[in-house]
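J.: Sequence:
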Amino acid sequence: MPALEVFQPEFVLVSAGFDARMGDPIGGLLWDDETFAELTRRCIRIAERWGGGRLVSVLEGGYNPAGLAASAVAHVLALSE
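All residue numbers for the sequence shown refer to numbering that gives the first Met the number 0, where the first residue is 0 and numbers rise by one.
By construction, these hints were calculated from the structure, which means they are not laboratory data. The C-beta atom is built at its ideal place from N, Cα and C for all residues, glycine as well. Hints should not be assumed to be uniformly reliable.
[Unchecked claim] Pairwise CB distance ranges, derived in the manner of DEER restraints:
hint : residue 1 : residue 2 : range
1    : 31        : 57        : 31 to 39 angstroms
2    : 6         : 65        : 30 to 38 angstroms
3    : 47        : 25        : 30 to 38 angstroms
4    : 14        : 79        : 14 to 22 angstroms
5    : 5         : 65        : 34 to 42 angstroms
Produce the complete structure using the sequences and hints provided.
T.: If you want it as structure tokens, here you go:
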């Protein structure tokens, strides 16, 4: 947040990749769907604070199809809260 205070972005661009999710053979971070949802909420707060709510999310993927689908759903649901 300190760097964001200085930068104050005009919009937020999210590279929504889910290879950090548990069960993914590449990422290895073992994040769950709620972690991705919370990160999404944080991005929304940043966009609302400095960018007038402007946020673009681009699906980047993941390497476990079921995990990718579940995390993408959690991300989209958090975007729509």
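J.: Is it true that residue 47 and residue 25 lie within 30 to 38 angstroms of each other by Cβ?
T.: Distance hint for residue 47, residue 25 holds at roughly 32 angstroms.
J.: Do the Cβ positions of residue 14 and residue 79 conform to the proposed distance bound of 14 to 22 angstroms?
T.: Distance hint for residue 14, residue 79 holds at roughly 19 angstroms.
J.: Using the Cβ atoms, figure out if residue 5 sits within 34 to 42 angstroms of residue 65.
T.: Because 40 angstroms falls inside the window, the suggested range holds.
J.: Regarding residue 31 and residue 57, is the given constraint of 31 to 39 angstroms on their beta-carbon distance met?
T.: Given a distance of about 22 angstroms, which is not inside 31 to 39 angstroms, the answer is violated.
J.: Can the suggested window of 30 to 38 angstroms be confirmed for the beta-carbon pair residue 6 and residue 65?
T.: 36 angstroms, holds
Checked against the numbered hints given earlier, the structure breaks only hint 1 and satisfies all the rest.
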